[in-house]
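Protein chains in written order, with the working numbering: chain A, 1 to 89; chain B, 1 to 577; chain C, 1 to 179.
Hints were generated in silico from the structure; no laboratory data involved.
Cβ coordinates follow ideal geometry from the N, Cα and C atoms, glycine included.
Be aware that a few hints might be false.
Pair by pair, the computed Cβ-Cβ distance ranges are [said to hold, decoys possible]: (1) C:V39 x B:Y131: 47 to 53 Å; (2) A:E10 x B:V303: 41 to 47 Å; (3) C:R159 x B:R99: 30 to 36 Å; (4) A:H7 x B:Y131: 24 to 30 Å; (5) B:R329 x C:K150: 56 to 62 Å; (6) B:H84 x C:V39: 34 to 40 Å; (7) B:A360 x C:Q51: 56 to 62 Å; (8) B:Y131 x C:Q29: 55 to 61 Å; (9) C:N14 x A:E10: 29 to 35 Å.
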Amino acid sequence: MLQQVLHEIEQAREPLSLNDLARRLEIDPGTLDGMLTFWVRKGRIVVRDGDESTCTTGSGCGSCASTVGCPFAGKAPRTFMLKGEEPRH
Amino acid sequence: MSISYFPNQRADLPLRYESPVEEAISRLSEALATIPTLAHYSPRWLAIQLLEDDDGLAQQVQAAPGGEAVLHVLAEQRDHLRTHYNDAVDITLTDQRYRFVHQITQRVLTRPDAPDATLSDTIDRIVTHKYLGIPIFLALMWIVFKITADVSAPMLDWVDGVISGPLTNWVVALLSVAGLGGTWVESLAVDGVIAGVGGVLVFVPVLLALYFALALLEDSGYMARAAFVMDRLMRALGLHGKSFLPMIVGFGCNVPAIYATRTLESERDRILTGLLVPFMSCSARLPVYILLAAIFFPAYAGVAVFSMYLLGIIVAILLGVVFKHTLFRSKEQMPFILELPPYRLPTLRGIWTQMWERTASFVRKAWTIILATSLVVWLLIALPVGGQGRFADTELDQSAFATVSGVVAPIFAPLGFGSWESSGALVTGFVAKEVVISTMGQIYGLQEAEEAAAPTTFLEDVSGIATSFVSAVGDTLKSIPLIVGINLFEEEEEAEPTALMGAIEAGFEESSGGHGVLAALAFMVFVLLYTPCMVTAAATRQEFGNVWMWVSIIGQFALAWVVALLVFQGGLLLGLG
Amino acid sequence: MNSNPTIALVGNPNVGKSTIFNALTGARQHVGNWPGKTVEKKAGTLKLGTQTVTVVDLPGTYSLSAYSLEEQITRDFIVQERPALVVHVVDATNLERNLYLTAQLLDTGTPLLIVLNMLDMAHERQFTIDAIQLSQALDGVPVVEMTASKGKGFDALKRALAGVLLQLRETQQPMELSA
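For reference, chain A alone in the conformation it holds in the complex:
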């Protein structure tokens, strides 16, 4: 089951929602989440949590005067992707 999850993501031609993938694999979305977490721990998948998209500077963007809670920053949904791309820095 675990390998199928990885395989299905590798084969995907376009972005999928977690529910789409669960439906394709005929597994429960909650369980799929757990399986993806396993692959994240194994280092095969990277997960990005939405928190990074918030305005994190102290410079203040006029509208974003403080470091926390820029009213325009949205929380990005969690995304999982296969590892193997160039590193971030």
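Fit chains B and C to the known structure of chain A by using the hints.
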């Protein structure tokens, strides 16, 4: 509620793995059982953990007397399992655990026949549909701008009326009581602060309407779907998916959108997205569109505004494709899995909080950056260059501002807005897009025929404000059915254009040789595409470095110039406007 | 030495574990931190007839793999402190994912009791869970059905706890280890 309990069936090994694994576990447990210092652990559990590569426990075993021998058995068994399953041992064990759980679930859980058919799934199937997804996104956006333009228009008129009418009169009256009437102080208050900051604050109703619509889309969970649908399009075009989320943030404000590119993995994709984000029309640009659309396309304001946003998206996508095949060539993008948040009914409280916070930040900006810029502009307007003008009493054309702006004006001449007035507004607009409005208010406000308004008393003013507010609210309510194209009411007679609007119209007509509509459209396009604001440029530098900031600024300017040129000259060629 | 038996509450995050803990222990709780950790430790006492039982609310976790602090605390408590009974609170609307933790708990060999919680929501979604089959599939682990948020099932839970503890005392007395 009951207890299900079969005490007699309790076996020693409740969860059994496949026999090769069980065999390895029992070999290892036997070996572990010989070590007294590990006796406080269940040998079976310890064996499983060791097979699953638990470093901490392996170290404990190694440290124990006789541990080396156990680790030898472990290595042997792990090798054996790895060969047998052709996979890492921890993957094998985890997988078997999932299978075990899956089997149990299938046995004990009965779900309705179509477990997928929840409302959320049904909605998702439509709004993230392969072909319907994008039209739905565009349709919703169109509704957002229709709401914004139509519903806010009456309120806009009201606030404008209050600020330019009674409020200005009161300030003038107060100043003359203080003996400052007709001095530079009055000019500073009226032509600097009220025309500049007031001119921007006039748009608070517009932004309230925009933020309301955006909050509705965000809180319901739709925005994440929109990003998903657009990502799929971007990926189909060979671009990195996942970049649309920063772009959607960009509709609110470009600055957090630049920072939001951090969600992308590769440096390349982050820079590329960072270069595209500024083409997402932020809420500060909306007042410019609204003002010009109200002057030049009063009947199609919603369409005009929507077209600007759409153009921004199209430019971003096209440019992205061009970049992808030139500057930012990179290997095939990895697909990704996105967790879409569940839909929920937006709460009044949530929407209110968002509207309030965003509008508050807009107002705060008006009193800080925009006030500061307005004062500088006022000073430059007040300063005479040559001529016989005195400070704060100089012919506009001979002011320092007109002189400086006049130098850059020829650049914009082919675009139809080569007057010093609009050039000046674009130059100061580099600070922030609201400044385009405040500067126009300051310049054209002064050009307004100084028509002597009939003197009114304070009480007349107050009652005037109140009655016009009531009628504005009425007009707002009446405009709501119009959004969906139903006109329940007789066509309102066109609102009387204000003197300011008249002055702007005349200015564009003059600079374009009688093609004011085309020039205004080109001007809107230019405002859409050139550098959104200083802070966005600063954010770009912070995230991507000095070089990319200049690439971004110069590139945006060049692109804005070319596209505006195409709009104006192309329109002339086609005989439009 | 405290001779009261200890019951540990285990479960995924947001399955109603705290509600059950609060209802069982009432005001008899003390809240502190796990030794050397920033994670909150909640313990309390529960009277089952004449017997006093210590209840420990372990941090919410999806697995026992010891990657995160929560997982480590939960795992160490179960395998080192060896509570008399581990009560695994399961979200009935997300059975499969929750049962993965059950499988890992079974690996530890700890005496286990399963609370099938949030049944009202499961029923709302027209899920039916055969608790008898579940107990059988897990080789006889007792399963208690509850809707803790509505106060349903606590009597059954207390009865089950008393019964299991009694039985464990009878069968495991000779094997008890000296600490």
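Hint check for Q29 of chain C and Y131 of chain B - Cβ pair distance inside 55 to 61 Å: Hint holds: Cβ distance 57 Å, inside 55 to 61 Å.
Hint check for E10 of chain A and N14 of chain C - Cβ pair distance inside 29 to 35 Å: About 32 Å separates the Cβ atoms of N14 of chain C and E10 of chain A, which means 29 to 35 Å holds.
V39 of chain C versus Y131 of chain B beta-carbon gap, inside 47 to 53 Å or not: holds (49 Å)
Pairwise beta carbon distance, R159 of chain C to R99 of chain B, judged against the given window 30 to 36 Å: Since R159 of chain C and R99 of chain B have Cβ atoms about 34 Å apart, the given range 30 to 36 Å holds.
Verdict for R329 of chain B, K150 of chain C (Cβ pair) under range 56 to 62 Å: holds (60 Å)
56 to 62 Å as the expected CB spacing between Q51 of chain C and A360 of chain B, which holds or is violated: Holds: the Cβ-Cβ distance is about 59 Å, inside 56 to 62 Å.
Satisfaction of the hinted span 34 to 40 Å by the C-beta atoms belonging to H84 of chain B and V39 of chain C: holds (39 Å)
Beta-carbon spacing of H7 of chain A to Y131 of chain B - inside the hinted bounds 24 to 30 Å or not: The hint (24 to 30 Å, Cβ to Cβ) holds, given that H7 of chain A and Y131 of chain B are roughly 27 Å apart.
Distance restraint evaluation - E10 of chain A, V303 of chain B, Cβ atoms, bounds 41 to 47 Å: holds (44 Å)
Checked against the numbered hints listed earlier, the structure breaks none of them; every hint is satisfied.
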